[in-house]
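2 protein chains.
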Amino acid sequence: MLSLSQAMVASADNGARRLMAAAWMAHCGVNARIVDKRSTKVFCGQADGLQCRSLEIFDSLGFADRAWKEANHMIENPGNDGVIRRSDRIPDTIVGLSRFQQIVLHQGRIERFFLENIKKHSRDQIKVERGVLPESLQIDESKVNDDSAYPVTVKLRQLSEEEATPPQVANASKAPDGLFRSNLVQDNDEDDLIRKSQARAGASEIVHAKYVIGCDGARSWTRRALGFELDGEATDFIWGVMDIIPITDFPDIRMRCAIHSAENGSLMVIPRENKLVRLYIQLKEVTPDASGRADRSKITPEIIFGAAQKILSPYKIDYEYCDWWTAYQIGQRVGTTYDAYSRVFLAGDAVHTHSPKAGQGMNVSMQDTYNLGWKVALAAKGIAKREILNTYQSERRRVAQDLIEFDHRFSRLFSGRPAKDVMDAEGVSMEVFKDAFLKGNLFASGLSVDYGASTLVVKAGDALKQGDGSKALGSFATISEEDFKKKQALATGLPVGMRFNSFKVLNQSCARPWHLQERLKADGRFRVVLFAGNILDPSQKARGYSPGAPIDSVIEVLTVHSSKRADTELLRDFPDILHPFDPHTGWDYNKVFVDDESYHEGHGEAYKNYGIDKQRGCVIVARPDQYVAWIGELEDFDNLQNYFEGCLVLGSGATNDNGTNGVHKCANDTNGANGTALPIRR
Amino acid sequence: MLSLSQAMVASADNGARRLMAAAWMAHCGVNARIVDKRSTKVFCGQADGLQCRSLEIFDSLGFADRAWKEANHMIENPGNDGVIRRSDRIPDTIVGLSRFQQIVLHQGRIERFFLENIKKHSRDQIKVERGVLPESLQIDESKVNDDSAYPVTVKLRQLSEEEATPPQVANASKAPDGLFRSNLVQDNDEDDLIRKSQARAGASEIVHAKYVIGCDGARSWTRRALGFELDGEATDFIWGVMDIIPITDFPDIRMRCAIHSAENGSLMVIPRENKLVRLYIQLKEVTPDASGRADRSKITPEIIFGAAQKILSPYKIDYEYCDWWTAYQIGQRVGTTYDAYSRVFLAGDAVHTHSPKAGQGMNVSMQDTYNLGWKVALAAKGIAKREILNTYQSERRRVAQDLIEFDHRFSRLFSGRPAKDVMDAEGVSMEVFKDAFLKGNLFASGLSVDYGASTLVVKAGDALKQGDGSKALGSFATISEEDFKKKQALATGLPVGMRFNSFKVLNQSCARPWHLQERLKADGRFRVVLFAGNILDPSQKARGYSPGAPIDSVIEVLTVHSSKRADTELLRDFPDILHPFDPHTGWDYNKVFVDDESYHEGHGEAYKNYGIDKQRGCVIVARPDQYVAWIGELEDFDNLQNYFEGCLVLGSGATNDNGTNGVHKCANDTNGANGTALPIRR
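Those sequence lines, one after another, are chains A and B. So the first sequence is numbered by my numbering: it starts at 39 and just counts up by one. So the second sequence is numbered by my numbering: it starts at 39 and just counts up by one.
Next comes chain A alone, as it looks inside the complex (with noise of 0.2 Å):
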């Protein structure tokens, strides 16, 4: 059997990773396989905490109320101290960062948001396979650089039911460790959803594809198919955790917090959905033997739950009903090199691994897939060039060395033993503390993340020290740190590299209030949001704020003005190129913008809290992911210009090839105009 793919996507384990890569080539209509070792997914436990970011991304996708509307909401942190006092209450999520606060949901449920979004875009062609195993794969070096080729050779094979089991559903007890279906979850109606494979077991099958993904875990098969490793070290720590329904009389058990009791070690708590609470426990009876590994195999319930008791202690806890429950050792590693010759890639822990009490295992590794995901697809499509794929590797692994050293520092504070007073140089401070959980805050929000200059990202400085500082960048066009500087003025609230912050603005044909970012959808185009300013000052007129023709189907041009709204008409006021007229369905009502009072909501003041000039405005690139790419003047067409002809395949007519299985076009591609025209005029 042989089948040709644009797109590979492996996983073992890490269901929203490579969900994630999935449903960007659903949103792009990439063709693509979701092949899964595993034959159920995850029902419970398995990561928890989702930062504002990660729903930003979601909401991107279609489908952030979905989580937020199941999800546990966490509000305040109490911080505690040494005798279990509250040392201070902290809002979770820094107040007026993001439209989202962050919020826990089991990834059970993310999972099957994924699978419906996958579904519904991909209009059923994308399903994951399940009990499907990679075998071999190949790279054939002579085609890496062709744009056409599909030069990886991928050998599958299907397992049998019993090989594709995990070992935690087969042996359910009644308090399972890992992997178990809770009752506390309904949702086994996802027939429809995957794909049914008709083969046999062991069955083979050969897949020629021009990208791989490798999803699949600390221990992927995909890394060392590629030789590649991991580098760092375990930690001395083990911890336990445990997601159970308290009965207790600890008042802050609703609350996120951290427990640091004199002698008996730390805990954390993490409020959940249906009345579930996680515990972090930090186990202090439990050693690492000669080899720094523990026996988890020695680990039980009633050994962490204990160490929870001592550490709450005067407050008492009990619970009847375990949801799930295990213990780690972890290593914070991160991985030498992310891809093989931009054709196959890694992501996730099969490139990172650190300690899951920060929240930050799935939200950074679906972020990678965020990341990666529409450079593939574009790349596949013919649309940008390979060369955008190089930034995978500077912006995420940049990213998790941030991550592994943010982990290491938060890991000691949380793990040490508390100061008995301002001698106690050994213990760690209150102040220390608070003051780590603080930043941490911000690091745990995913809204600190700061992409270095490349391709993708025009902006000054040293792009090898703002990224990983090991891969080798191609020529971009650079921008010297005065001329930057200028540009940056223009928007203080849109640093360039970092994603693009949403304020509310008016539709200006029917008055209703948007999120800015809803607007930037995860369709893959790219978007020239032209800040056009006061549009009725004669002077701005004349300026010259309309762009060429765009190509609607790779970059949609988005305008946001600053005049009252009632006294702008869209067909009057803006060039028709702002909101196309099409012969079968009219003008396009959804393209225009004003930054004006709502009626039920307030006002957004997106020009005050952009830091734009209301007079003048500015004009923003931001890339698929939602990053800002580019900053300039409204009259800037040849930087503009520049840019796009860095990193897309203009003017050439952009291959359209998608494989054997037929043509999808983009979401929102209502214009079908492709990749053939220059998108700004000169």
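Some clues are possibly wrong.
A pair counts as met if it fits within one copy or between any two copies, since identical chains are not told apart.
[Unchecked claim] Here are the simulated DMTMM-like cross-link-like pairs (lysine to aspartate or glutamate), alpha carbons at most 25 Å apart as the crow flies:
#  : residue 1 : residue 2
1  : K503      : D488
2  : K107      : E639
3  : K313      : D611
4  : K509      : E179
5  : K313      : D614
6  : K107      : E643
7  : K157      : E108
8  : K354      : E311
9  : K313      : E639
10 : K157      : D103
11 : K354      : D614
12 : K646      : D488
13 : K322      : E271
14 : K477      : E635
15 : K354      : D626
16 : K313      : D626
17 : K107      : E154
18 : K602      : D287
19 : K193      : D178
Worth flagging that the hints you see were computed from the coordinates, not collected in a lab. Only a predicted model underlies this, so the values are computations on that prediction, with no experimental measurement involved.
Following the hints, put chain B in place on chain A, whose structure we already have.
Same frame as chain A, but now just chain B:
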């Protein structure tokens, strides 16, 4: 074949009405059958606007977010004058009226939300049975007052596929009249949401039911079986309706607006989802015949659209895609009687018909069954006295009378010629029209409904005048004008008889902000909302605001206090009864709330907005349908007790007979107590 059923809902074509009744049965755990003559559901056309109140109701069931996300939001009306200049701009929904604003979505999606919700809450027990026709209905008068009897006997017949298919589906054309599968709708995967009949066509079944609800439209079979009439007459006006994707230079096509042309009649624009716009068009060239009826078969889309083009001139309008069209000349009629022996009920179009222009049809009809459903469910379960069923007619027939009056006035104004000048007495002045439009907006929000005094609503005044004026009412706790004035003054923002308005409060235990209305879910429970005031004040503490043992499965107690959240502790400052302890799952953290500033969503100012004294507070009873039923001081135990004794079956051990399909528990019935204890300590 013989089947027993606590409640049966018969319907022909009014999906949302019957499904609202079914939703109550599902949420309250009542065994019910839902039978529908049609074989397919509604795909497009058929009602459109959703009032604020309908969205609040959807939220109480758990799916307002889905409607809110998919719908078009109507934000602004530009009033229009005779030569098509904007006469004014007004917000479509009065600012501050509700946490929702009026939206537009086609009925097919709304039905889908209902079906999924009913499946979930009835645990797959309640499904629509399509292609089933009632053939006879008998009421055994000797048993109508016996709480445990099944006095209604209905004979059902299984239709053949051919009999059950509506003609519009069988003869779908490019621009269909009436029902038609739209290619904009992607939800034909509903097989698991309906019950497939195993019976062959023609097979009969006898059902014995405690209650039957007929939601079977203007030609209601149930109404005719009961021998009841509709009072009223047909209007002279003939209107066409089209759902199109318009190609036009008319600037306000994405706003709801009314256009009065000088000579060519009137038109109304309702922007919808997916680029669609609905036009209501006055057909001046089609006149009724001698009998007062117009020949609908002679009306074509060309005639309707030609009229629209004339009215909109000099603006141009055209279309390529028409989703649905129809024409109507509708009677404005109200049923004389809404029920037989409080055993068989009529709802929706079966008891009131009117023009669809005010966007009230689906909303008012759904609200009929939202009013009725919980009453039938609680009576069927033996929790409430059957006497409360009388309030259905007194409350809802009055609303229908008000609706007809509103529709009559609005239709005349809308169909009239604009006044040429102030001396033109025959024409309609734009001032009069705008005034009617504004008043109509309040009426159309669904929030002006004010139920009169009854067993369920304790207020002063003449119950017959406040109700429909004809339904005999039983004895109930009365209150003098003077006393009621004092009670109402305790919470001026919560008028007795009107729906419980919503402001944000914080969960005491986790600081999460909630709209208070979000905690008044449609699970069949009454709610005692204890506005406990400043609980830290010694004099307030001494007032003994703790009620006795509530029956959590019948009456839920929610507390909202006004002290600072950070100064109060759930376990320390609130009696156990306000956050009940369960030996299996610990304390209940979802009963106590505080009126305080949130981190991310401002201050709800609930006490201020409800007009409640922050120091002393008050107590409110909310009915299961969120209407304010009773108001008193914290120490008004006796009066509160009297209220519940008037409408509930207390202290007698409620029957819990769920027919043959096993016992359902009420949603959220976590405590298991059911109808045996007194709700309030004396």
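Quick rundown of the hints versus the structure:
1. With identical chains, the CA atoms of K503 and D488 are at most 25 Å apart within one copy only, with a shortest distance of 12 Å there and 68 Å across copies.
2. In the homo-oligomer, the alpha carbons of K107 and E639 lie at most 25 Å apart both inside one protomer (20 Å) and across protomers (16 Å), since each shortest distance falls under that limit.
3. Taking the shortest alpha-carbon separations for K313 and D611, only the inter-copy value of 22 Å comes in at or below 25 Å, while the best intra-copy value is 54 Å.
4. Within a single copy, K509 and E179 get their C-alpha atoms as close as 19 Å, which meets the 25 Å cut-off; across copies the closest is 87 Å, which misses it.
5. Proximity of K313 to D614 under the C-alpha cut-off of 25 Å is restricted to the inter-copy arrangement: shortest distance 18 Å between copies versus 54 Å within a copy.
6. For a Cα distance limit of 25 Å, the shortest separation of K107 from E643 across copies, 24 Å, qualifies, whereas the shortest one inside one copy, 27 Å, does not.
7. In the homo-oligomer, the alpha carbons of K157 and E108 lie at most 25 Å apart both inside one protomer (21 Å) and across protomers (18 Å), since each shortest distance falls under that limit.
8. Proximity of K354 and E311 under a CA criterion of 25 Å is satisfied intra-copy only: 22 Å inside one chain copy versus 54 Å between copies.
9. Taking identical chains as interchangeable, the C-alpha atoms of K313 and E639 lie at most 25 Å apart only when they sit on different chains, with a minimum of 24 Å there against 32 Å within one chain.
10. In this assembly of identical chains, K157 and D103 lie within 25 Å of each other by CA distance both inside one copy and across copies; the values are 18 Å within and 21 Å between.
11. For the identical chains of this complex, K354 and D614 are inter-copy neighbours only, at 17 Å across copies versus 68 Å inside a copy, given an alpha-carbon limit of 25 Å.
12. With identical chains, the CA atoms of K646 and D488 are at most 25 Å apart within one copy only, with a shortest distance of 22 Å there and 44 Å across copies.
13. In the homo-oligomer, the alpha carbons of K322 and E271 lie at most 25 Å apart inside one protomer (20 Å), although the nearest pairing across protomers, at 84 Å, exceeds that limit.
14. Taking the closest pair of Cα atoms, K477 and E635 come within 25 Å of each other only across two copies (24 Å); inside a single copy the shortest separation is 34 Å, beyond that limit.
15. In the homo-oligomer, the alpha carbons of K354 and D626 lie at most 25 Å apart only across protomers (16 Å), although the nearest pairing inside one protomer, at 62 Å, exceeds that limit.
16. Within a single copy, K313 and D626 get their C-alpha atoms only as close as 46 Å, which misses the 25 Å cut-off; across copies the closest is 9 Å, which meets it.
17. In the homo-oligomer, the alpha carbons of K107 and E154 lie at most 25 Å apart both inside one protomer (16 Å) and across protomers (16 Å), since each shortest distance falls under that limit.
18. In this assembly of identical chains, the alpha carbons of K602 and D287 lie at most 25 Å apart only when taken from different copies (21 Å versus 56 Å within one copy).
19. For the identical chains of this complex, K193 and D178 are intra-copy neighbours only, at 14 Å inside a copy versus 73 Å across copies, given an alpha-carbon limit of 25 Å.
Hint compliance for this structure: every hint is met.
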